[in-house]
Amino acid sequence: MKKKTIISSLLALGALMAITTGCSNSSSATKSSSSEVSGKITAVGSTALQPLVEKAAGDFQKDNSKINITVQGGGSGTGLSQVQDGSVKVGNSDIFAEQKDGIDAKKLVDHKVAVVGMAPVVNKDAGVKNVTMDQLKQIFTGKITNWKDLGGKDEKITVVNRAEGSGTRATFESAVLGGEKAIKSQEQDSNGTVQKIVSTTPGAISYLAFSYINDKVEALSIDDVKATDDNVADNKWKIWSYEHMYTKGDPKDATKKFIEYMKSDDVQKKLVKDMGYISTNDMKVQKDSKGTVSDK
Amino acid sequence: MDDIQTRLQKSSRATRQDYFGKVICYSCIGLIILLVACILYFIASKGLATFTKNGVNFWNFLTQSDWKPGDVDKYGNPQVGALPMIVTSFSVTILAALLATPFAIGTAIFMTEIANKRGAKFLQPVIELLVGIPSVVYGFIGLSLIVPFIRGIFGGTGFGILSGTLVLFVMVLPTITSLSVDSLKSVPMHYRQASLALGATRWQTIYKVILKAAAPGLLTAVIFGMARAFGEALAVQMVIGNAILMPKNLISPASTLTSKLTTEIGNTVMGTLPNNALWSLALVLLFMSLLFNLIVRFIGRRGNIKNER
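Listed in order, the protein sequences are those of chains A and B.
The first sequence begins at 1 in UniProt numbering and counts up one residue at a time.
The second sequence begins at 1 in UniProt numbering and counts up one residue at a time.
Errors might be hidden in some of the hints.
[As the list claims (entries may be wrong)] If you want a taste of the chain B side facing chain A, the calculated C-beta under 8 Å gives, among others:
#: 1; residue: Gly70
#: 2; residue: Asp73
#: 3; residue: Ile141
#: 4; residue: Leu145
#: 5; residue: Gly241
#: 6; residue: Pro247
#: 7; residue: Leu261
#: 8; residue: Thr263
#: 9; residue: Thr268
#: 10; residue: Thr272
#: 11; residue: Phe298
#: 12; residue: Gly300
[Stated by the list, open to error] Straight-line distance between alpha carbons at most 25 Å, and here's what the computed BS3-like set of lysine-lysine pairs gives:
#: 13; chain 1: B; residue 1: Lys248; chain 2: A; residue 2: Lys184
#: 14; chain 1: A; residue 1: Lys112; chain 2: A; residue 2: Lys148
#: 15; chain 1: B; residue 1: Lys22; chain 2: A; residue 2: Lys290
#: 16; chain 1: B; residue 1: Lys22; chain 2: B; residue 2: Lys10
#: 17; chain 1: B; residue 1: Lys22; chain 2: A; residue 2: Lys143
#: 18; chain 1: A; residue 1: Lys184; chain 2: A; residue 2: Lys124
#: 19; chain 1: B; residue 1: Lys10; chain 2: A; residue 2: Lys143
#: 20; chain 1: A; residue 1: Lys238; chain 2: A; residue 2: Lys287
#: 21; chain 1: A; residue 1: Lys66; chain 2: A; residue 2: Lys137
#: 22; chain 1: A; residue 1: Lys181; chain 2: B; residue 2: Lys248
[Said to hold, decoys possible] Counterexamples of contact, computed for chain B against chain A with all Cβ distances above 12 Å:
#: 23; residue: Lys68
#: 24; residue: Asp71
#: 25; residue: Arg151
#: 26; residue: Ala215
#: 27; residue: Lys260
It should be emphasised that the hints constitute simulated quantities derived from the structure, not laboratory data.
For each residue, glycine too, the CB sits at the ideal point set by N, CA and C.
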C-alpha cells in the first residue's frame with residue numbers, strides 16, 4: 001500500500017514537473033550544424049509593445065521557419081522579472097529596467113525597438129482642447145476639479161488613471177507630475193478600456209498611446225503643441241517613452257537574429273509606422289533612464 | 001492439478017484491473033493534493049513575506065486605507081492598507097447575494113413546484129446558459145449598458161459598487177438557482193403529500209413545509225453564490241472603477257481585492273514589496289473562500305436535523 005502511494009506521488013510530481021518546465025520554455029535546441037539558425041524565443045511583457053512584436057514575429061518566421069517565436073503580454077514588470085530570472089529570452093518593457101525596483105539593470109541588455117508617444121485625452125463634452133503643462137499637472141494632482149476653470153463646460157473632472165506601476169503611467173507621471181503624487185482615482189489597466197471609458201463618461205480625462213487615439217475622444221494639445229509623431233521626434237511633445245526589448249546578457253543565435261530583425265529597416269521603416277509607433281531612427285533626441293533628454 | 005494451482009495463485013484479470021484502477025485513482029488524487037498543496041504554499045509564502053520580510057504590520061494591513069505599496073508615507077512605512085478593498089469586496093458580495101437570492105429561490109420554486117415538466121425542462125438550460133457566458137462578456141455588457149444607465153439615473157461616473165453588484169447579480173443568479181433547485185428537489189415527496197392531505201394550499205405547502213425543510217440547502221446555495229461573487233475578478237474590475245478609496249456610497253468608484261490583483265500583478269516584479277502585497281490580498285481571498293467552505297459544511301451538518309427552525 002505504502003509503495004503504491006509513493007509511486008503515485010512520484011507520478012504526480014513528474015507530471016507537475018513536466019507542466020512547469022513546459023511553461024518556462026528553456027530553449028534546448030538552439031545549436032544547429034547548418035548555417036540556418038533554429039530555436040525557440042519567448043518574448044513576454046508589455047502589452048503596449050505586444051502587437052508590434054507579434055506582427056514582426058509573424059513576418060520573421062516566414063523567412064526563418066526553424067525559429068519559433070511566442071509573444072505574450074503580462075505587463076512590463078512581468079517581462080522584466082522573467083527575463084532577469086532567465087525563464088524567457090526577451091522581456092518587453094515600456095520603461096527602463098533601472099526604473100523598476102527589484103530589477104538588476106546591469107544584468108540586462110537594452111534593445112530599443114520603437115518609441116511611443118502618449119497624449120492626454122478628454123471626453124468631447126468637456127469643451128477644452130488645449131491646456132498648459134501646469135494645468136495638466138493640477139488636474140492630475142486634484143487641484144483643478146472643474147472644466148470651467150479651464151474655459152470649458154461647468155462639469156466635474158473625472159480623472160481616470162492607469163494601474164499603479166504600469167509603464168504608461170510611469171511615463172506620463174514623470175513627464176507631467178514632476179515628482180508630485182496623483183490623486184486617488186479610478187485606475188484602469190489597458191488602453192482599450194481607458195479609451196472606452198473616456199469616450200463615454202462626461203468630464204473624463206486620461207491619457208493614451210497615440211495609436212489608441214481616435215475621433216471618439218479629444219486629444220489635448222499641451223502649450224499649443226499638438227500630439228504628433230513629428231513633435232515627439234524633436235521632443236517638443238514631452239510625453240513619450242521607448243519600447244524596450246531586454247535580454248539577459250548579449251543575445252545569441254535565434255534571439256540575436258530576431259532582435260536584429262526588429263531593428264532592421266523592414267520593421268522600422270514600415271511595420272513600426274503602420275502600427276502607430278515611432279521609429280527610433282526618426283528620433284532627433286534621446287532620453288536616458290533618468291528622463292534626461294539630449295541631442296542624438 | 002498443477003494447472004489449477006497456478007490458475008488459482010495467479011492474480012486474475014479482474015484483480016489486475018482492480019489494481020490498475022487503484023493506481024490511476026491514487027495518482028490522480030496525489031496530483032490534485034500536490035497541486036493544492038503547492039498553490040497553498042506558494043500563496044502563503046508570498047503573501048506572508050509582506051509581513052515577515054518587508055516588515056508590514058499585519059494589523060495596519062487590515063485596518064488602514066492607504067494603498068501605495070511602491071511608496072512610503074512620511075514616517076517611512078510602506079503604505080499597504082487593504083481595508084477599502086476588503087470592505088468593497090464584502091459590500092458587492094453581500095449586496096449581490098441579497099439581490100439575487102429572492103429571484104433565484106423564486107425561480108427554483110417555480111421550476112420544482114409550479115411549472116409542468118416541459119416548463120422546467122425549458123428553464124433549466126436557460127439558467128445554465130448564464131453560467132457558460134465568459135465573465136469578460138458580463139463585464140463588457142456592464143461597461144456598455146449598466147454603467148451609463150447608473151450614470152444617467154444617479155449621476156457621477158456610473159462606476160462603483162452598484163454597477164458591480166448588478167453585474168454580479170446576473171453572474172451568481174444561476175449558481176444560486178441551480179443549487180436551490182437541487183435542494184428543493186431533495187425534499188421528500190411525502191412532505192408535500194402530507195401537507196396537502198392536511199388541507200394546506202399549495203402556497204402554504206411551499207411556504208411552511210418545503211422552504212423550511214430545504215432551508216439548509218438554500219443557505220448553502222446562497223453561500224456558494226457569495227463565494228463565486230467574492231472571487232469574481234474580470235467582470236467586476238471593468239465596472240467598479242478601481243479606485244482605492246473607502247467606499248462612501250454605492251456609486252463612487254471603488255476597488256475590490258480581485259480587481260486590484262488583476263490590474264496590478266503584471267506591473268510588479270516578483271519578490272518586491274508591491275508584488276508581495278498583492279499576494280497578501282490573494283491570501284485574504286483564499287482565507288475567505290476557506291471560510292465560505294467551512295460555513296457550507298457547518299450548515300450541511302446542521303441540515304441533517306431538518307425541521308429545526
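Consistency of the hints with the structure:
no.: 1; hint: Gly70; verdict: 6 Å, holds
no.: 2; hint: Asp73; verdict: 11 Å, violated
no.: 3; hint: Ile141; verdict: 13 Å, violated
no.: 4; hint: Leu145; verdict: 11 Å, violated
no.: 5; hint: Gly241; verdict: 4 Å, holds
no.: 6; hint: Pro247; verdict: 12 Å, violated
no.: 7; hint: Leu261; verdict: 11 Å, violated
no.: 8; hint: Thr263; verdict: 4 Å, holds
no.: 9; hint: Thr268; verdict: 5 Å, holds
no.: 10; hint: Thr272; verdict: 4 Å, holds
no.: 11; hint: Phe298; verdict: 31 Å, violated
no.: 12; hint: Gly300; verdict: 29 Å, violated
no.: 13; hint: B:Lys248 - A:Lys184; verdict: 14 Å, holds
no.: 14; hint: A:Lys112 - A:Lys148; verdict: 41 Å, violated
no.: 15; hint: B:Lys22 - A:Lys290; verdict: 62 Å, violated
no.: 16; hint: B:Lys22 - B:Lys10; verdict: 19 Å, holds
no.: 17; hint: B:Lys22 - A:Lys143; verdict: 69 Å, violated
no.: 18; hint: A:Lys184 - A:Lys124; verdict: 23 Å, holds
no.: 19; hint: B:Lys10 - A:Lys143; verdict: 87 Å, violated
no.: 20; hint: A:Lys238 - A:Lys287; verdict: 11 Å, holds
no.: 21; hint: A:Lys66 - A:Lys137; verdict: 50 Å, violated
no.: 22; hint: A:Lys181 - B:Lys248; verdict: 22 Å, holds
no.: 23; hint: Lys68; verdict: 7 Å, violated
no.: 24; hint: Asp71; verdict: 8 Å, violated
no.: 25; hint: Arg151; verdict: 7 Å, violated
no.: 26; hint: Ala215; verdict: 40 Å, holds
no.: 27; hint: Lys260; verdict: 9 Å, violated
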